[in-house]
Amino acid sequence: MTLAPETTDLKVRLRLAEDWFTVCDLSALLPGRGVAALLPDGRQAAVFADRTGRLYAIDNRDPFTGAAVLSRGLTGTHGDRPFVASPLLKQRFDLESGACLDDETVRVTAYEVRAA
Numbered sequence: 004m005t006l007a008p009e010t011t012d013l014k015v016r017l018r019l020a021e022d023w024f025t026v027c028d029l030s031a032l033l034p035g036r037g038v039a040a041l042l043p044d045g046r047q048a049a050v051f052a053d054r055t056g057r058l059y060a061i062d063n064r065d066p067f068t069g070a071a072v073l074s075r076g077l078t079g080t081h082g083d084r085p086f087v088a089s090p091l092l093k094q095r096f097d098l099e100s101g102a103c104l105d106d107e108t109v110r111v112t113a114y115e116v117r118a119a
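Residue 116 in the working numbering sits at position 113 of the sequence shown, and the numbers go up by one each step.
Any given hint might turn out to be false.
[To be verified] Ranges between beta-carbon positions, derived for each pair:
(1) Asp22 with Leu91: 21 to 27 Å
(2) Asp44 with His81: 17 to 23 Å
(3) Asp106 with Gly35: 19 to 25 Å
(4) Phe24 with Thr108: 18 to 24 Å
(5) Thr80 with Ala39: 20 to 26 Å
(6) Asp12 with Lys93: 33 to 39 Å
(7) Phe67 with Gly35: 31 to 37 Å
(8) Gly82 with Asp28: 18 to 24 Å
(9) Glu99 with Ala119: 16 to 22 Å
For the record, the hints were derived by calculation from the structure and aren't laboratory data. Glycine included, each C-beta is placed from N, C-alpha and C at the ideal position.
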C-alpha cells in the first residue's frame, strides 16, 4: 500500500523583527530533516520539525566553517534539548536557543517559528 502525502494549507513562518515571513509549506518538513530557506536580507535559515510536530529555526550558516550547511545536519537530543549537528565538523547547536553545545562561546541566531 502506498500512502498519499498529507496535504495542508499551513505555512511555516519565522518572526523577523516585527513581521512574520513565510518560508515554506508545513508539508515540506519531515521529522529529522532540515530545509534551508532564503530570508529577505540574503541570510539563510535552517528549519526543522521534530516527531511531535514542534518547529525550530536557526541560522543555516555554520559559524566554525562559514558554510551554509546546518539544514543538512543530523538532529538529536542532548538530555531534553533538541539539537542539530553540523555535517562538517559535527558541532551541535541547540535548536531552541542557537547555543553551541560544544563551545559555549559560540551561537547561531534562533528564530521564533510557527505554522499558520
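Structure-based check of all given hints:
The supplied range of 21 to 27 Å is broken by aspartate 22 and leucine 91, whose beta-carbon atoms lie about 32 Å from each other. In this structure, aspartate 44 and histidine 81 break the distance hint of 17 to 23 Å, their C-beta atoms being roughly 30 Å apart. Taking 19 to 25 Å as the suggested C-beta distance range, the pair aspartate 106 and glycine 35 conforms, at roughly 24 Å. One distance hint, 18 to 24 Å for the beta-carbon pair phenylalanine 24 and threonine 108, is violated here, with the actual separation near 29 Å.
A hinted range of 20 to 26 Å for the beta carbons of threonine 80 and alanine 39 is consistent with their spacing of about 22 Å. Distance hint check: the CB atoms of aspartate 12 and lysine 93 are about 37 Å apart, consistent with the given range 33 to 39 Å. Taking the beta carbon of each, phenylalanine 67 and glycine 35 are about 22 Å apart, not inside 31 to 37 Å as hinted. The beta-carbon spacing between glycine 82 and aspartate 28, approximately 32 Å, falls outside the hinted interval of 18 to 24 Å.
About 20 Å separates the C-beta atoms of glutamate 99 and alanine 119, a value consistent with the hinted range of 16 to 22 Å.
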